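Enquirer: Using the working numbering, the letters of the sequence shown correspond one by one to residues 2 to 52.
Accuracy of the hints is not assured; some may be wrong.
[Unchecked claim] Ranges of calculated distance between the beta carbons of each label pair, as one might list FRET restraints:
id, residue 1, residue 2, range
1, 49, 18, 31 to 37 Å
2, 18, 45, 29 to 35 Å
3, 37, 13, 27 to 33 Å
4, 3, 44, 26 to 32 Å
5, 48, 18, 28 to 34 Å
[Stated by the list, open to error] In silico DSS-like pairs for lysine-lysine, Cα to Cα no more than 30 Å straight-line:
id, residue 1, residue 2
6, 27, 47
7, 49, 15
8, 47, 18
9, 15, 47
10, 41, 27
These are calculated hints, taken from the structure and not from any lab test. The structure displayed is predicted, hence computed values, not measured ones. Glycine residues also receive a C-beta, built at the ideal position from the N, C-alpha and C atoms.
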Amino acid sequence: MNPGTPAPKSGQYKPTKGGPEVTVPKGHRIPPTPNGGPSKLVDPTKNKSGK
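Using the sequences and the accompanying hints, generate a full structural model.
Expert: Structure below.
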């Protein structure tokens with residue numbers, strides 16, 4: 002997911018080029034990454050609100 006796009010699911014997103022994971026709720030914009038590039042969902046939220 003590119004920075005600035007709304008998150009399709011709630012969970013932890015990790016930048017593909019390195020950096021800390023960030024928690025993003027569904028529908029909120031993915032923040033910019035420190036090294037540029039997209040982020041990937043690595044740990045989806047395990048409740049029904051994030052689906």
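Enquirer: So, for every hint listed, does it hold in this structure?
Expert: Hints and how they fare:
no.	hint	in the structure
1	49 to 18: 31 to 37 Å	32 Å, holds
2	18 to 45: 29 to 35 Å	21 Å, violated
3	37 to 13: 27 to 33 Å	19 Å, violated
4	3 to 44: 26 to 32 Å	19 Å, violated
5	48 to 18: 28 to 34 Å	29 Å, holds
6	27 to 47	13 Å, holds
7	49 to 15	22 Å, holds
8	47 to 18	26 Å, holds
9	15 to 47	17 Å, holds
10	41 to 27	14 Å, holds
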